[in-house]
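Construct all of the structure, not just a fragment, from the sequences and the given hints.
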Amino acid sequence: MNMQACRKVLLSSVLCLSVLPSTAFSQETIAELRSKAEKGDAAAQLSLGYKYVKGIGVPKDDKQAAAWFRKTAEQGVAEAQFNLGLMYDIGQGVPKDYKQAVAWYRKAAEQGYARAQYN
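Counting with numbering that gives the first Met the number 0, you get residues 0 to 118 for the letters of the sequence shown.
Calculated from the structure, these hints are not laboratory results. Don't take every hint at face value.
[Unchecked claim] Below, simulated DSS-like cross-link-like pairs (lysine-lysine); rule was C-alpha separation at most 30 Å, straight line: (1) Lys98 with Lys62; (2) Lys38 with Lys53; (3) Lys59 with Lys38; (4) Lys95 with Lys62; (5) Lys95 with Lys53; (6) Lys95 with Lys59; (7) Lys35 with Lys59; (8) Lys35 with Lys53; (9) Lys35 with Lys62.
[Said to hold, decoys possible] Pair ranges (Cβ atoms, derived): (10) Ser25 with Lys95: 18 to 26 Å; (11) Asp60 with Gly39: 17 to 25 Å; (12) Gln74 with Lys98: 17 to 25 Å; (13) Gln110 with Ala30: 25 to 33 Å; (14) Lys38 with Tyr97: 30 to 38 Å; (15) Glu31 with Pro58: 31 to 39 Å; (16) Glu27 with Glu109: 35 to 43 Å; (17) Ala113 with Ala30: 32 to 40 Å; (18) Gln116 with Gln74: 18 to 26 Å.
We put the CB at the ideal spot given by N, CA and C, even for glycine.
If you want it as structure tokens, here you go:
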């Protein structure tokens with residue numbers, strides 16, 4: 000398996016860790032989550048990003064996922080910084096950009112986020 004394929008598997012695996020089966024999310028729950036996210040709630044933004052990556056309760060949309068991860072990452076959340084780094088690393092939802100990937104990995108790594116330190 001080449002490095003890009005490994006990273007896609009890793010991104011998929013990492014992004015699966017924080018989501019529940021789609022049956023757990025009603026449209027009302029998604030609307031509440033979106034409302035919180037739009038008000039700047041970092042946890043809601045991160046959760047919404049995961050849902051867009053996997054298409055849970057919302058249509059699968061990597062660009063929307065990256066946008067929500069960015070909002071969270073800019074608030075200093077290491078997990079979101081790492082996820083955004085992964086997305087730039089493999090070009091998922093954003094153009095492939097290794098400099099951006101490294102920059103976001105570094106921000107997460109400096110906070111002690113082990114996966115970012117590894118990458």
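Hints, one by one, checked against the model:
no. : hint                          : result
1   : Lys98 with Lys62              : 19 Å, holds
2   : Lys38 with Lys53              : 23 Å, holds
3   : Lys59 with Lys38              : 22 Å, holds
4   : Lys95 with Lys62              : 13 Å, holds
5   : Lys95 with Lys53              : 20 Å, holds
6   : Lys95 with Lys59              : 19 Å, holds
7   : Lys35 with Lys59              : 20 Å, holds
8   : Lys35 with Lys53              : 20 Å, holds
9   : Lys35 with Lys62              : 19 Å, holds
10  : Ser25 with Lys95: 18 to 26 Å  : 35 Å, violated
11  : Asp60 with Gly39: 17 to 25 Å  : 21 Å, holds
12  : Gln74 with Lys98: 17 to 25 Å  : 22 Å, holds
13  : Gln110 with Ala30: 25 to 33 Å : 31 Å, holds
14  : Lys38 with Tyr97: 30 to 38 Å  : 33 Å, holds
15  : Glu31 with Pro58: 31 to 39 Å  : 18 Å, violated
16  : Glu27 with Glu109: 35 to 43 Å : 38 Å, holds
17  : Ala113 with Ala30: 32 to 40 Å : 34 Å, holds
18  : Gln116 with Gln74: 18 to 26 Å : 20 Å, holds
Violation of the numbered hints given earlier is confined to hints 10 and 15; the remaining hints are satisfied by the structure.
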